[in-house]
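Visitor: Residues per chain, in single letters:
Number of protein chains: 4
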Amino acid sequence: MSGSVRICLIGAGRVAKVHANSLVKHVPQGELVAIVDTSPDVLQETAEMFSIDSQFTTFEMALESVQFDAVVITTPTFTHKDLAVQAANVRKHILLEKPMALNLEECDEIINAAIDKNVLLQLAFMRRFDPEFQAAAERIEAGEIGKPMMIKSLTHGPGLPPAWARDLKTSNGNLAEVNSHDWDCIRWLMFDNYKRVYVEVANFKGEARGVDTENFYDTALASVQFENGGLGTISSVCPCDYGYDARVEIIGEKGIMQIGQMGGQAVVVCTDQDQGLITPIFRTWPKRFEWAYIREMEHFVECIMRGKEPKVGGDDGRWAVAGVLAGTTSFLEERPILMREIMI
Amino acid sequence: MSGSVRICLIGAGRVAKVHANSLVKHVPQGELVAIVDTSPDVLQETAEMFSIDSQFTTFEMALESVQFDAVVITTPTFTHKDLAVQAANVRKHILLEKPMALNLEECDEIINAAIDKNVLLQLAFMRRFDPEFQAAAERIEAGEIGKPMMIKSLTHGPGLPPAWARDLKTSNGNLAEVNSHDWDCIRWLMFDNYKRVYVEVANFKGEARGVDTENFYDTALASVQFENGGLGTISSVCPCDYGYDARVEIIGEKGIMQIGQMGGQAVVVCTDQDQGLITPIFRTWPKRFEWAYIREMEHFVECIMRGKEPKVGGDDGRWAVAGVLAGTTSFLEERPILMREIMI
Amino acid sequence: MSGSVRICLIGAGRVAKVHANSLVKHVPQGELVAIVDTSPDVLQETAEMFSIDSQFTTFEMALESVQFDAVVITTPTFTHKDLAVQAANVRKHILLEKPMALNLEECDEIINAAIDKNVLLQLAFMRRFDPEFQAAAERIEAGEIGKPMMIKSLTHGPGLPPAWARDLKTSNGNLAEVNSHDWDCIRWLMFDNYKRVYVEVANFKGEARGVDTENFYDTALASVQFENGGLGTISSVCPCDYGYDARVEIIGEKGIMQIGQMGGQAVVVCTDQDQGLITPIFRTWPKRFEWAYIREMEHFVECIMRGKEPKVGGDDGRWAVAGVLAGTTSFLEERPILMREIMI
Amino acid sequence: MSGSVRICLIGAGRVAKVHANSLVKHVPQGELVAIVDTSPDVLQETAEMFSIDSQFTTFEMALESVQFDAVVITTPTFTHKDLAVQAANVRKHILLEKPMALNLEECDEIINAAIDKNVLLQLAFMRRFDPEFQAAAERIEAGEIGKPMMIKSLTHGPGLPPAWARDLKTSNGNLAEVNSHDWDCIRWLMFDNYKRVYVEVANFKGEARGVDTENFYDTALASVQFENGGLGTISSVCPCDYGYDARVEIIGEKGIMQIGQMGGQAVVVCTDQDQGLITPIFRTWPKRFEWAYIREMEHFVECIMRGKEPKVGGDDGRWAVAGVLAGTTSFLEERPILMREIMI
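Chains as they are written, first to last, in this note's numbering: chain A, 43 to 386; chain B, 43 to 386; chain C, 43 to 386; chain D, 43 to 386.
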């Protein structure tokens, strides 16, 4: 393929702005040619921010009016399957936001559509492209800390999720919407699949914030056993009132590795001996994963240009969904769930 | 009580040396007057190290020959009940190493003996006296991070435990021998008791180190639900080949708190740009908890002198044992265990 | 001005590659249209790396063949004056690498040429565009640490400088080639000019590396008094064998602020309790100041497009040169030098 | 010598309490038998704090009434020479607080008296006994960072010094009262003596705090050249309003080493994403150097018991005084001072 890769952005919300920024500012071979959002206000705001004239309220309208090679799907989870399958059917390559879909059947439909139509399917697990996470993965693979025995991954994020994302009837809750990255990372960095999942959840803040959704939780702790016997844990807090926090700790047979830290910008101040040192933290995920989002988009564009397979694909998205489903079943049934109960 | 508190040390092994050092060097009002150990070699080595002439191979012999007010019991767990009850019966105050005992019946015998004979019973959870842990507890109690929602405690320690300590027939394994402190800390710092426990274990190093004990594990992950709905996790690695590691992270409704760090001495070196910065870690628990051991012994001596109740006692020891028993049952039966199944 | 800003890069060495990368990858409104270098090999390598066909061995040839709006001058210091004046004369905007020039007369020629020809002159003090340095400057200006009393800035860099850069006959040595950024930063962050400069130098590594240049030094320490009475120090080490290191510490009447740290990527590993924790450092200045270089180029392009004055200009470059000259005079004459002796 | 070492404490102020605490709580072989202070209130407060009945307002009275082997002199600098010579004359070993004395003549009188009377003279440079500083010194000596090229030492301390200590007529100001430790440390850790000293000073806070003493300064920066060509700097801030801060950075031919850090207790909290992480600092020197004071006193007592020479003695104290005198001369005369001008 020659020239630039023309891309249509479907969904114009928060993460869409991040992807648009990557395309417009930092990935010269990718060209953002159209934006789609069902909400005219959101659509206009994002499109104007990046000076994109081609604005549409449906994907169909974009298809009719503009030529493009690929889509970036950033809409709510429950829309993923239809949009992704539709995109595959018109032979557009797909960068699909997490979580991949609501259940394994939907995942399979997407995967099969991409295979059938021979389009690339990349899952937007941007941590796979973060310089720190990547360096860590390479160093683990090189054997620096020995065979991984235990992994602890956490994502704590500010802000109450939207109503659809905290209701188990329309989403898989925080385990999916907040912690998909953790489910992906623990598989990636343990170089192994989950075998058994146990989850405890808690609801500390729902009432005070007017959430009376059944089974709502704002705090969760997943305990995972891997196929090779390794152990893992995922910690989830959302809304998290101290900021955005994403860290991983891996204990191998020979050593320990920590990826990420709470501290952000290296500007340290002390003005009060009783209070002590103050260090900024990463307040938002776009800031924490600034390079990861750029590298992710570069990878997507490069895969399309060179016709090579993205290094994080449908199967990775499917495993993360399966982990979430096992976790949800676990806390609802108050028992550990074997993955083979889920991945029938 | 006037004058100094005379103390007999029962058990002369590693932690005994730490307590002896506190008494001889840093707690002037405590006097180490006798040491007991069934192994003449261990006995002599420790007694000489602290210039103690009164050396005995049985507690009875010490009782016959030397006057003292209190005992510090540092022998293997399976001896705790008999020695503690015996000490109580001759009206000696007791500083008892962790884990308290093998089961709840033994815990109750010790607690009741101490009550009946009106002697003080202090459990050697020295983290309760560590300046960092104490400051953290006070700050949590003062509401700095809001109501605690989740706590993560880890203890990873070097060195294969002795044979008795890794066999579930003679001990409760690493969950007890290594992680008693975590079981105590999570109750202390969550200001709540456990309600449900789930544990996964793994055995990565046993075979290579010639351990074929049934049910041996070197890696464990406990998932805890507290009575108030809070969540907790305990991470256990032993033998841990990267050093000694003890840290806690608490997430409250308003904020997060971290206690402890891997880095030890603040001497940072860089001599190789490819390797980067090197910071020493705490290699051993006596070094990490140097002040905690001194403060613990000060507290014990002060309680005896002033006739006041130690701030960590039999009930705290009993809860830690109950947590361990729930955990062991959980991984053996592969299901979450309610504390009410254990604490009948 | 509409459309993109067309830029000719003069000098194709290390820092030229950094600027080319910013232009080609991250500043869509800037277009790299030509590269000039007197060395055909260096020219070809850099031009190919960024797919630039217009390659020239002289600036004159570039002027004849290609249309452009601006130049980025990255050649050795002793060429700056002629090239910058020549560029101004043909009405090209100028982004000029540090140090600005060899002496104040040259600085003045450049400044006057830019004024006469009404072209923008931006000095490439990229730390002014680093997110951490910028945040720090804003926080100091907002009064967070009170009035600055003392500033300590260090730049230690790996690699023996080229022969011309370590000889006081053809350059101003490390104080200029390595520490121009420090001279700029201490003025910027103290919000004041130097009044007096005293410098000590040392030569520890020259002999072993075959350098017998007169007055060569690899280690230097400048002591600065500011006009308002504040104090400053600049530390210089080059070649520095542990990596690249750039940090600033500012003590104000109310507090202290640290900018930057030795640690780079937040991937921490421990595999040996005797060695301890290992944290990567920033090994190179392009990596440490990755965003600074991008933001610097964005600023240059934006200033040209909007016709606004760059926020770091000729006067800042001139002050840094003056500091260097005072410093060199100081260590040669072994006495403190008042700036008024230099800035006649 | 058998039994314990009996010690008389001369001066009962702040540092006297620290030494008394070491003796009473942590150095069992040292016995605090008498306290002397000219102020009855200070005397009584400190004596009661440590339950010492033998309280005297003059050293002569203590000598008449109590038997002891050694003195710890903590009185103001201008009294050191007379008290130390007097103590030597009655054959008492001497632990002498810093700065040693007001000038080199006084230093020599003390040194000669100790030699003549064959008593031990230890200077209270407690950083020499700090576990971190000691480990660093050993690692430098072992060659870990190569030959030291540059050292930066800072001591910033809270609180306006007493009137006598900020007046150059009765003391040598902050360079002596605050930074004696830095003068000692840079010699110790560079394994070399100073050759030339240049000092800049500033007075930012004097007026606001009602200090109109001539030549008063609250901020100082010393630039030092060592005999082997190495460079050093000492940074002084007092009163320092952000807390107590004592750190050293050493650059060797092979690497860099940092000793100490601003952060104190490892309890990190974040409750506000806009503010970020908060880490306690060391607020006071007794806390920062808690173990250093204990080890220093252990060393003094052990030297007396074993008749061995203390590892930091009169000559070290004399060099620190010489550095201070060179520094004061430098800022008064606004020129670098060669040590041979001072050490005639």
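There may be inaccurate statements among the hints.
Pairs involving identical chains hold if they fit within one copy or between any two copies, as the list cannot separate such chains.
Straight line, CA to CA, 27 angstroms or less: simulated BS3-like cross-link-like pairs of lysine-lysine [unchecked claim]:
1) Lys329 - Lys353
2) Lys329 - Lys211
3) Lys59 - Lys329
4) Lys189 - Lys67
5) Lys350 - Lys211
6) Lys67 - Lys329
7) Lys189 - Lys59
8) Lys67 - Lys159
9) Lys350 - Lys67
10) Lys296 - Lys329
11) Lys353 - Lys67
12) Lys159 - Lys211
13) Lys350 - Lys296
14) Lys211 - Lys189
15) Lys189 - Lys237
16) Lys237 - Lys329
17) Lys67 - Lys211
18) Lys296 - Lys189
19) Lys67 - Lys237
20) Lys159 - Lys189
21) Lys350 - Lys237
22) Lys237 - Lys159
23) Lys237 - Lys353
24) Lys296 - Lys237
By construction, these hints were calculated from the structure, which means they are not laboratory data.
Visitor: If a hint holds in the structure, say so; if it does not, say that too.
Guide: Quick rundown of the hints versus the structure:
1. Lys329 - Lys353: Both: 23 angstroms inside a chain and 25 angstroms across chains, each within 27 angstroms.
2. Lys329 - Lys211: neither (31 angstroms within a copy, 46 angstroms between copies)
3. Lys59 - Lys329: The answer is both: 13 angstroms in one copy and 26 angstroms across copies each meet 27 angstroms.
4. Lys189 - Lys67: neither (40 angstroms within a copy, 38 angstroms between copies)
5. Lys350 - Lys211: Neither: 37 angstroms inside a chain and 55 angstroms across chains, both beyond 27 angstroms.
6. Lys67 - Lys329: both (15 angstroms within a copy, 19 angstroms between copies)
7. Lys189 - Lys59: Answer is neither; intra-copy 39 angstroms and inter-copy 35 angstroms both fail.
8. Lys67 - Lys159: Answer is neither: 31 angstroms inside a copy and 32 angstroms across each miss the 27 angstroms cutoff.
9. Lys350 - Lys67: Close inside one copy (24 angstroms) and across copies (21 angstroms); limit 27 angstroms.
10. Lys296 - Lys329: between (33 angstroms within a copy, 22 angstroms between copies)
11. Lys353 - Lys67: This pair counts as both: shortest intra-copy Cα distance 23 angstroms, inter-copy 22 angstroms.
12. Lys159 - Lys211: Neither way: Lys159 and Lys211 sit 31 angstroms apart in one copy and 61 angstroms across, limit 27 angstroms.
13. Lys350 - Lys296: neither (35 angstroms within a copy, 45 angstroms between copies)
14. Lys211 - Lys189: neither (39 angstroms within a copy, 29 angstroms between copies)
15. Lys189 - Lys237: within (18 angstroms within a copy, 34 angstroms between copies)
16. Lys237 - Lys329: neither (34 angstroms within a copy, 39 angstroms between copies)
17. Lys67 - Lys211: Answer is neither: 38 angstroms inside a copy and 43 angstroms across each miss the 27 angstroms cutoff.
18. Lys296 - Lys189: Answer is within: at 7 angstroms inside a copy they meet the 27 angstroms cutoff, but 33 angstroms across does not.
19. Lys67 - Lys237: neither (42 angstroms within a copy, 43 angstroms between copies)
20. Lys159 - Lys189: Classified as neither: same-chain Cα gap 39 angstroms, cross-chain 53 angstroms, threshold 27 angstroms.
21. Lys350 - Lys237: Result: close neither inside a copy nor across copies, 31 angstroms intra and 52 angstroms inter.
22. Lys237 - Lys159: Close neither inside one copy (32 angstroms) nor across copies (52 angstroms); limit 27 angstroms.
23. Lys237 - Lys353: The answer is within: 23 angstroms in one copy meets 27 angstroms, while 43 angstroms across copies does not.
24. Lys296 - Lys237: Intra 24 angstroms, inter 35 angstroms, cutoff 27 angstroms: intra-copy only.
Hints 2, 4, 5, 7, 8, 12, 13, 14, 16, 17, 19, 20, 21, 22 from the list above are not met by this structure, while the remaining hints are.
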